[in-house]
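With chain A fixed as given, assemble chain B onto it according to the hints.
For reference, the chains in residue letters:
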Amino acid sequence: VTAVPRPPRLARALVRLRARGGRRSDVEADLQDVYTARVAAHGLRYARRRFYADVWSVWWRPLRGTEPGTRGSMRLGQDARDALRLWRARPGLTALAIGTIALASGAAMICFSLLDAIAFKPLPVSEPEQLVAISAVDAQGQNHSLAPRALQALGSRQQVLSVLCGYGETWLPVTIRSEQVQSAVETVSGAYFDLVGVHALVGRLLEPTDDGPTPAATRRVAVLGERFWRNRFAGDANVVGTTVGVAGEPLTIVGVAPESFVGMQIEVAPDLVIPLQTLAAYLGTAPDSMPYPYVLGRLRTGGTAQRAQAALEVMWPSLMAETVSPSLDGPARQQALNRRPIVTAVATGFSFLRPQYQASLRLLTALAGWMLLTAGVSLAGLLVARAIARAPELRMRVALGASRADLARQIVVESACLAVAGTLAGLLLARWAGPILLGLLHPSVQHMTVNLAIDRRVAAASLGLATAMAIVLSLAPAWIATRVASLSASAHARTVTTSYTRWSEGLLAAQLAVSLMLVIGAGLFVRTLVNLSDTNLGFDSHGLLAVWLQPKPDGYRGMNDLEYYPALLADLSSIPGVRSAALLPALPFGGGTGQSTVTPSATPPQPLAPPLTRRRCRPAFLALWVCQ
Amino acid sequence: MKGSRLGEFEEFTLLAVRALRDATYAVPVQAFVERSASRRVTMGAVYAALDRLEAKGFVRSVLSDPTPERGGKRKRLYEITPAGMRTLRDLRRVRDRIWTTIEEGGGS
Numbered sequence: 323v324t325a326v327p328r329p330p331r332l333a334r335a336l337v338r339l340r341a342r343g344g345r346r347s348d349v350e351a352d353l354q355d356v357y358t359a360r361v362a363a364h365g366l367r368y369a370r371r372r373f374y375a376d377v378w379s380v381w382w383r384p385l386r387g388t389e390p391g392t393r394g395s396m397r398l399g400q401d402a403r404d405a406l407r408l409w410r411a412r413p414g415l416t417a418l419a420i421g422t423i424a425l426a427s428g429a430a431m432i433c434f435s436l437l438d439a440i441a442f443k444p445l446p447v448s449e450p451e452q453l454v455a456i457s458a459v460d461a462q463g464q465n466h467s468l469a470p471r472a473l474q475a476l477g478s479r480q481q482v483l484s485v486l487c488g489y490g491e492t493w494l495p496v497t498i499r500s501e502q503v504q505s506a507v508e509t510v511s512g513a514y515f516d517l518v519g520v521h522a523l524v525g526r527l528l529e530p531t532d533d534g535p536t537p538a539a540t541r542r543v544a545v546l547g548e549r550f551w552r553n554r555f556a557g558d559a560n561v562v563g564t565t566v567g568v569a570g571e572p573l574t575i576v577g578v579a580p581e582s583f584v585g586m587q588i589e590v591a592p593d594l595v596i597p598l599q600t601l602a603a604y605l606g607t608a609p610d611s612m613p614y615p616y617v618l619g620r621l622r623t624g625g626t627a628q629r630a631q632a633a634l635e636v637m638w639p640s641l642m643a644e645t646v647s648p649s650l651d652g653p654a655r656q657q658a659l660n661r662r663p664i665v666t667a668v669a670t671g672f673s674f675l676r677p678q679y680q681a682s683l684r685l686l687t688a689l690a691g692w693m694l695l696t697a698g699v700s701l702a703g704l705l706v707a708r709a710i711a712r713a714p715e716l717r718m719r720v721a722l723g724a725s726r727a728d729l730a731r732q733i734v735v736e737s738a739c740l741a742v743a744g745t746l747a748g749l750l751l752a753r754w755a756g757p758i759l760l761g762l763l764h765p766s767v768q769h770m771t772v773n774l775a776i777d778r779r780v781a782a783a784s785l786g787l788a789t790a791m792a793i794v795l796s797l798a799p800a801w802i803a804t805r806v807a808s809l810s811a812s813a814h815a816r817t818v819t820t821s822y823t824r825w826s827e828g829l830l831a832a833q834l835a836v837s838l839m840l841v842i843g844a845g846l847f848v849r850t851l852v853n854l855s856d857t858n859l860g861f862d863s864h865g866l867l868a869v870w871l872q873p874k875p876d877g878y879r880g881m882n883d884l885e886y887y888p889a890l891l892a893d894l895s896s897i898p899g900v901r902s903a904a905l906l907p908a909l910p911f912g913g914g915t916g917q918s919t920v921t922p923s924a925t926p927p928q929p930l931a932p933p934l935t936r937r938r939c940r941p942a943f944l945a946l947w948v949c950q
Numbered sequence: 019m020k021g022s023r024l025g026e027f028e029e030f031t032l033l034a035v036r037a038l039r040d041a042t043y044a045v046p047v048q049a050f051v052e053r054s055a056s057r058r059v060t061m062g063a064v065y066a067a068l069d070r071l072e073a074k075g076f077v078r079s080v081l082s083d084p085t086p087e088r089g090g091k092r093k094r095l096y097e098i099t100p101a102g103m104r105t106l107r108d109l110r111r112v113r114d115r116i117w118t119t120i121e122e123g124g125g126s
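In order, the protein sequence lines correspond to chains A and B.
Basically the numbering used here = 1-based index in the first sequence + 322.
Basically the numbering used here = 1-based index in the second sequence + 18.
Only chain A is shown next, with the shape it has when bound in the complex:
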């Protein structure tokens, strides 16, 4: 027995909704016959496409012989067509209404899609909800790296995670055919790709055998990111086996990761993925002490981060006692032993935008939602004005037999159609403007890979919300329209005028109220920005320029810092227009500070003295960095 192919469920539901009563049975069976024949002759995709076209054609054409139940949907179709005719008759007003909704819904969708992308969207890996990060945290809450032998011991003892790997990411100079580029590099242990569950596009990915506990035992290999491979190697499939210089270390390319792989950092997809131990020479660490900034793990099926936390806490003290470096002693060793593990879910990956902008984006999304409400109230006011202007036409309809329900339904359908059109335009606006807003959040990072795509659930929710709001807000205009049509024809014109004037005033007041709140909020926001830009930083920031130094690998061997930096400062200061120059490891008010306890030498040591924020700098810093 051959199974009969079933058309898409949604399309079948639409047919049932449209062709109820006497025609439902034969129309459904006819469409099924056509679908079966097309699947056999042309394949499933073609049949589905044509089926939707057939359903659409049936939906919009009235069927004879349908029972009263079908009239509702037929009337709705007729009302939608009437709405289209009205739009064509008043293109300016229509464009204004659609544009208002498009702007408001577009702004809401941009803010929400950005918030969704940096805070809620899971990583595009298999079963991202199983991914966790394990950190060794001290009493002050600071994260500390884990040595390879600790990772190895952890992997052999624990039972709650199926895969475990070390992870870090950084920017490094990469040399390709004598050209040097600054590239995003993930520094990992060999099980990383097993953890994220992706397969190679070309060649192979890193494997546990590539990785060793020491730099000497680690293979000098690298995996390219798909975009880096296309941009820098023109998508050459023979790239496997060639060499690339990473921080001065020649690494052999063994494969290319697939396009879907974006790494653990959501903002920047890695250009290369390399075993961390290959960087030991570049970073000048001892052969066996190249620690992993993070440890990532995949929970076994049914496991939770809380259970993993509980299991690791039990084994952690003995694990640390065995694996903390023997070279550590005294208080430093005790501090290392006192660290405890923290297991956190990382289904949404790592992000530097998240802590910075999550709260602001939530606020912006709420403001955009409020703006959408304002647009809805404005639309209601517009519909009231239009209903009043259409009074003669509405009276004519009543004279020809239309009921008050018919008139009200037409206004509601028109409002819903405007909301749908406006939201669709807003969707296009959001797709266009989303990347621009993202660029404004962090202009220094080029080629951000944050996934801003507005998925179906967001689009459907926006559409549903805007339509529901439009329907609710159109009830008042619909009621006014029915009053206008039914009473104005009689001798009670004055009553009607009073009635719809009251409604118009009410809507106007509501519009003013919501708009005023928005304006006040925006005003406070602008005032805060002005206050921030006028804040006294304690130094004259006028004419300051910041220049970052990016050292070349192998370019400074045998260099004497005590001679190089003063000479560099002297060269910079001698440039015409530069008054003075200074060196510092991080910009003031730009993060990157350190803390230490400072006590005057004349007083006895005070162990509980509050730490001071310190910043190292070369002479002349307080005068200027590089001053024009």
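Because the hints were derived from the structure by calculation, they are not lab data.
Owing to the predicted nature of the structure, the values given are computational and were not obtained by experimental measurement.
Ideal placement from N, C-alpha and C gives every residue a C-beta, glycine not left out.
It is possible that part of the hints are untrue.
[As the list claims (entries may be wrong)] Partner residues are not named here, just some residues of chain B that face chain A (Cβ under 10 Å, in silico):
hint, residue
1, TYR43
2, VAL45
3, ARG88
Below, chain B alone, put in the same frame as chain A:
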């Protein structure tokens, strides 16, 4: 009867009902018109045309008995009426007359 003139698509549909002989239904009509006219035809267009033809009295429809191959559902079967046949012949006669005139080089 709501008018006796036929649009192009109505004419195609009526011809299909005639060509497929008695007791055809919407699915073969759609396939026939699509194949003969070499253009895509939706089921909605066929239903609308058959409804109009029925309203004009050129076809009549009855519901068949339920059949197991259609899951116990019935077909709406159409057959051409004498008025429909007359209209088709009239149309053909008009067209033949015009073509004869064209082929004889007249009418210019």
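Verification of the hints:
Among the interface hints, the one on B:TYR43 holds; its C-beta lies about 7 Å from the nearest C-beta in chain A, closer than the 10 Å criterion. This hint holds: B:VAL45 has a C-beta 5 Å from the nearest C-beta of chain A, less than the 10 Å allowed. With its C-beta approaching chain A no nearer than about 5 Å, B:ARG88 sits inside the 10 Å limit, and its interface hint holds.
Every hint, counting from the list given before, is met by this structure.
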